[in-house]
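Asks: Line order of the protein sequences matches chains C and A. Taking the working numbering, the leading residue of the first sequence gets 1, the next gets one more, and so forth. Taking the working numbering, the leading residue of the second sequence gets 1, the next gets one more, and so forth.
Hints were generated in silico from the structure; no laboratory data involved. Be a bit skeptical, because a hint or two may be false.
With a straight-line Cα cutoff of 20 Å, these simulated EDC-like cross-link-like pairs (lysine to aspartate or glutamate) come out [said to hold, decoys possible]: (1) A:Lys176 / A:Glu138; (2) A:Lys86 / A:Glu72; (3) A:Lys203 / A:Glu40; (4) A:Lys176 / A:Asp199; (5) C:Lys192 / C:Asp135; (6) A:Lys176 / A:Glu40; (7) C:Lys192 / A:Asp85; (8) C:Lys192 / A:Glu102; (9) A:Lys176 / A:Glu206; (10) C:Lys213 / A:Glu154; (11) C:Lys213 / A:Asp115; (12) A:Lys176 / A:Asp115.
Examples of chain A residues lying across from chain C (beta carbon under 8 Å, computed) [claimed, not checked]: (13) Met60; (14) Asn94; (15) Ser97; (16) Met98; (17) Phe100; (18) Glu102; (19) Thr105; (20) Ser106; (21) Asn108; (22) Glu119; (23) His124.
Everything numeric in this text was worked out from a predicted model, so none of it was measured. We put the CB at the ideal spot given by N, CA and C, even for glycine.
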Amino acid sequence: MSQLPLQPANSAAVAAGPRPRTRSQRLWKLMRSYPSMFIGGFIVLVMIVVAVFAPVLAPHDPLHQFDNGLNQMGMPLGPSHQFLLGTDPEGRDVLSRVIFGARVSLEVGVFAALISLVIGVVLGVVSGYFGGWVDMVIMRFTDIILAFPFLLFVIALVAILQPSVANVYIAIGVLGWAQMARIIRGQVLQVKEFEYVQAARAIGARAGFIIFKEILPNVLAPVIVFTTLNVGTNILIESSLSFLGIGVQPPHPSWGNMLQEGMTVMQLAPWMIYVPGLSLLLAVLGFNLLGDGLRDWLDPRVGK
Amino acid sequence: MTLQATDTLLNISNLSISFKSDDGWIRAVQDVNLQMAPGETVGLVGESGCGKSVTSLAIMGLLPRTARVEGEISLQGRNLTTLTDKELRRVRGNDVSMIFQEPMTSLNPILRIGDQIAEPLRMHAHLTSRQMSERVKELLAQVGIPNPARVMQEYPHQLSGGMRQRVMIAMAMACKPKLLIADEPTTALDVTVQAQILDLLRKLQEESGMSLLLITHDLGVVAEMCSRVTVMYAGKVVEECPVDDLYYEPEHPYTQGLLGSLPDLDKRERLRPIPGQVPPLWAMPPGCRFAPRCSRAMDICHSTEPQLLDVEPNHRVSCWLHQKGGTVS
Chain C
1 MSQLPLQPAN SAAVAAGPRP RTRSQRLWKL MRSYPSMFIG GFIVLVMIVV
51 AVFAPVLAPH DPLHQFDNGL NQMGMPLGPS HQFLLGTDPE GRDVLSRVIF
101 GARVSLEVGV FAALISLVIG VVLGVVSGYF GGWVDMVIMR FTDIILAFPF
151 LLFVIALVAI LQPSVANVYI AIGVLGWAQM ARIIRGQVLQ VKEFEYVQAA
201 RAIGARAGFI IFKEILPNVL APVIVFTTLN VGTNILIESS LSFLGIGVQP
251 PHPSWGNMLQ EGMTVMQLAP WMIYVPGLSL LLAVLGFNLL GDGLRDWLDP
301 RVGK
Chain A
1 MTLQATDTLL NISNLSISFK SDDGWIRAVQ DVNLQMAPGE TVGLVGESGC
51 GKSVTSLAIM GLLPRTARVE GEISLQGRNL TTLTDKELRR VRGNDVSMIF
101 QEPMTSLNPI LRIGDQIAEP LRMHAHLTSR QMSERVKELL AQVGIPNPAR
151 VMQEYPHQLS GGMRQRVMIA MAMACKPKLL IADEPTTALD VTVQAQILDL
201 LRKLQEESGM SLLLITHDLG VVAEMCSRVT VMYAGKVVEE CPVDDLYYEP
251 EHPYTQGLLG SLPDLDKRER LRPIPGQVPP LWAMPPGCRF APRCSRAMDI
301 CHSTEPQLLD VEPNHRVSCW LHQKGGTVS
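Chain A on its own, in the form it takes in the complex (with noise of 0.2 Å):
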């Protein structure tokens, strides 16, 4: 094994994936690159409709019949876009796990706890019945969740949010996948029980080495849980670089913008939202897709795409600013 191969867990390059409409192919993500070290955690950042979740469905091979991948995902080495149903089945909840965004739906309201724990066991482990339920016994308790015993016998609507996605957490663990994807973990949870949940995913991997790619509006959770940050903006990577780096020196308006919305508590000053909206993506602006909200959007922004360049070593931006041939009108 090289360096190379054990250096990367995940490598996505010029993932690009389209959607068939009426009116011809939309294109939701465009020539997204991203990689992840074993044991790493990444956080992928954006508004609402960036294209996010898309990725992250394309690297579980989840996307609908209608939607058109290009470019590659792999990992490990292999391709994901290439296999077949059959061999997908068995990279998913195997070496790559998915958490949901909403634990109040993401349980099957009529299988009891203990029996959606098992499901993925069940699907690629040989187990037998007696070493399945003292290992979802064991993944209960591995997330927090008091009592294991009895919670196995309990159904969903017993259990609080919280509980829930600590279930949904046991789920994607039990096979001790090589990359979590968690989307939006907390967003839908309380405050206190938010930061529970972060620190749960914070020792689970310490323990298991996996990666985790955190995909989430969230900068505080960025903040705490990430080394780097891939900021997307309408389908495409805007910036990319160190957790430091997006808080103290954040290079690309957007990022700025983002940033510049969060309440701090030192400054009594009033909060800056970024004007206007993500623009569909049916009707992109030919240049910079952020130009048209851009504070210091230049001619050449409206006209011309820039590209993801370094402007230090681990830290890109795809902005005329750092660019040649961008030029402060």
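Excised from the complex, chain C in its bound form (with noise of 0.2 Å):
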């Protein structure tokens, strides 16, 4: 997999004009050319950053109650030095909430793509590479799956398996695979009747072989796309999960809980619903644009 030539025909030297020639100034080129990957890529980073690094960047203990977190009323806190988005009606630091509910939120959404990762492409390369009954039995099984609504299904699979945040990524991936699945059929319906495949088979290759070196390489930018933007679909459901109480657990943080529990006080302390609302947006956006931003990256078609 070192070899993925992910440098597609129309990257770097898409424009008119003189070849650039220095390492940033191809990368320049790019970002031009492909802002939305850029800005999307870089959402995404500090994401990623802000996840890992969650308890050295957090100022406070997300799950500690601060005895100067409510007002004299019982209410609480706008920001301030010691609190800077505020607290919440425990009496908890929202900033430290936020940046370990982003944690919840990256772990759901990039575990459950994976899982629908592995799920649809097997099912999906079995299907279209040989066809047949085996493809029928698969391709009428995804549909089965797509009939459902998605959410519900999800949730009474999280409500067998119990709620917690493992069981939610496994949930949310083992239901998520029909969409990618078709995808990868389709691909590889078209990859395989090219004339590489047969002159693999020619030089005494078996399917194995072929699979794995001749179609699935061959398949992998749609993969890329679409598990990418599957990552921000997933933090969307997973947030809504915990909004209604299935996800994750009180008093351990997830923007869909916070929101939940700013529902309550939504008049009286505004940030608690912006914070995570806002996080949450953010992210799925990012999600969004990389993901976007790679197809048109990937696919010379699309591409300008």
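Got two chains here, separate frames each, mind docking them using the hints?
Replies: Here it is, written out as structure tokens:
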């Protein structure tokens, strides 16, 4: 996999003019051609840094209920020196909770996407490559999965598994592979007709070799794009589940349950809604921009 | 080893290939016979859809599972049609190799040239990685690629069509096959490059003593390369002869028609194309398959199929004009 040509035909030197010479010039050109990829990538990168270094970055313990975290009326405090984004009704620091919430979102988003990726790629490749009744069975199963209301399905599965972070991403991942399988199948159907696949057969290659060396690497671009977009979708689903009380359980912070807690005091402490809400917006926007940008970059037909 | 066994490398006898369709089995190739001696170059000629490619795929065992193959294809006395998948894989790329028409799509776009050429070696030969890269370099040099060490590191899109076809040939030659099937190897290339590739094939054949089955619709290529020619029409062999006979004494009206549709610089005549089209596989005429397009067709041509019979030693034709029972009407 070290030799992936993630430098498609239209990558750097798309626009007219002299070929950029140095590496930084080429990067600059790429950034100007595909700004959304870099903006999205930047947001995603920030989110990863925040999630990974949450214990270092968070000013306070996200679970600690400060004695001075509430006013005399027992109401949450607005932004101040000590609590930069205010406190919640339990007297906890909102900033620290949002930072730790990023961990949950990222963990669920990424792991669920990876589970969907593995299931979707395996089923999609098997379906597309072998065809016939295998294809028929897998695709009808996919149709059934897609016919269910996704969120309800996930809720049911989490309820069976007991709510926890791991179970949330398992549930989302195990149910979210259907579109991936369809995309991969379509790509495989196309790629397997190319002459180089026939040529591989002609030198005596076995099915496994053809799948892993000839077909899979050539369908990788849509896989990357779809998985990136999927992370954003999964983050949104996780916060919906936590909002509904079946995802991350209080007192542990997640953007979803923070929103839910903030609902009750929305008028008095609007920061409790804005902070996790905006974080969610930014995170999903980041992954979507990155995914769209990657598609433009990797697919020469869509690019400029 | 008997003389017989050394004389024939490839022996195709009574090969018929059918494909399953909604309306039952459709026969794409019928009763094809073809013999090749070691080191010989045989041309397989015909229009698109006449069954040449299907025949070559059958030799490789690369037909889809929906195809039904009858008859025998034997390589050095070994019947390929009865081999298991595993045994067939050992034959492919090792004893028999194939190069394809379209050099632009025959190479995997994301593998380096060196790795692609090494693939058949990895599958069939047990070499250390150093031996392997030496062999790959050697092969690239053999097919006339300048600076093999650099080209090994490149990707297919960095090479021109002619260079890619050379790489394909290097891949096919990697395990020193006894038979190389070239399916329209020059059709997609520039004329000047075509000549180079043909020269290369001839050179490699002389060096290695392999046989070459050249599938083409280009009679010029046949004249230059082959010693014998088999002409196919609509899934059947219509004429089989030494290459000189093909040009000087073509016997079958279809062969004559093919030659008549070639431009000739000496005679400033109009081209005489063959009228009509190849009949579709599911609506073959009952008699001679060429009869509906044949200017010399007789009554019997429309009702009874002619046999492939000798008209001279080594020259066989399937036409009523040359057989008893055919009377000029």
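Asks: Against this structure, judge whether each hint is valid.
Replies: Taking the hints in turn, this is what the structure says about them:
Restraint check for Lys176 of chain A and Glu138 of chain A: satisfied, since their Cα atoms lie roughly 13 Å apart, inside the 20 Å limit. Only pairs whose Cα atoms come within 20 Å are accepted, and Lys86 of chain A paired with Glu72 of chain A is accepted, the gap being roughly 19 Å. A C-alpha spacing of about 13 Å is found between Lys203 of chain A and Glu40 of chain A, which places the hinted pair at or below 20 Å, so the restraint holds. Between Lys176 of chain A and Asp199 of chain A the CA atoms are separated by roughly 18 Å; this keeps the pair inside 20 Å, and the hint holds.
Of the pairs offered as hints, the one joining Lys192 of chain C and Asp135 of chain C holds, with about 14 Å between alpha carbons and a cut-off of 20 Å not exceeded. For a cut-off of 20 Å, the pair hint linking Lys176 of chain A to Glu40 of chain A stands: about 15 Å separates their Cα positions. The hinted pair formed by Lys192 of chain C and Asp85 of chain A meets the criterion: a straight-line CA distance of about 19 Å does not exceed 20 Å. Restraint check for Lys192 of chain C and Glu102 of chain A: satisfied, since their Cα atoms lie roughly 15 Å apart, inside the 20 Å limit.
Between Lys176 of chain A and Glu206 of chain A the CA atoms are separated by roughly 13 Å; this keeps the pair inside 20 Å, and the hint holds. At roughly 17 Å between alpha-carbon atoms, Lys213 of chain C and Glu154 of chain A fall within 20 Å of each other, so this suggested pair holds. The suggested pairing of Lys213 of chain C with Asp115 of chain A holds, with an alpha-carbon distance near 11 Å, which does not exceed 20 Å. Note on Lys176 of chain A and Asp115 of chain A: the hinted pairing holds, with a Cα-Cα distance of about 18 Å set against a maximum of 20 Å.
Against a cut-off of 8 Å between C-beta atoms, the interface hint on Met60 of chain A holds, since the closest Cβ of chain C lies about 6 Å away. The interface hint given for Asn94 of chain A is met, as the beta carbon of that residue sits about 6 Å from the closest beta carbon of chain C, less than 8 Å. Interface hint at Ser97 of chain A: satisfied, since its Cβ lies 7 Å from the closest Cβ of chain C, which is below the 8 Å cut-off. With its C-beta approaching chain C no nearer than about 4 Å, Met98 of chain A sits inside the 8 Å limit, and its interface hint holds.
Proximity of Phe100 of chain A to chain C holds as hinted, the smallest CB-CB distance being about 5 Å (cut-off 8 Å). Against a cut-off of 8 Å between C-beta atoms, the interface hint on Glu102 of chain A holds, since the closest Cβ of chain C lies about 5 Å away. Here the hint on Thr105 of chain A is kept, as its CB sits about 4 Å from the closest CB of chain C, short of 8 Å. Restraint check, Ser106 of chain A versus chain C: the minimum CB separation of about 4 Å is within 8 Å; hint holds.
With 8 Å as the threshold, the beta carbon of Asn108 of chain A comes within range of chain C, its nearest partner Cβ sitting at about 5 Å, so the hint holds. At a threshold of 8 Å, the smallest CB-CB gap from Glu119 of chain A to chain C is about 6 Å, leaving the interface hint in force. Look at His124 of chain A: its Cβ gets to within about 6 Å of chain C, closer than 8 Å, so that hint holds up.
Hint compliance for this structure: every hint is met.
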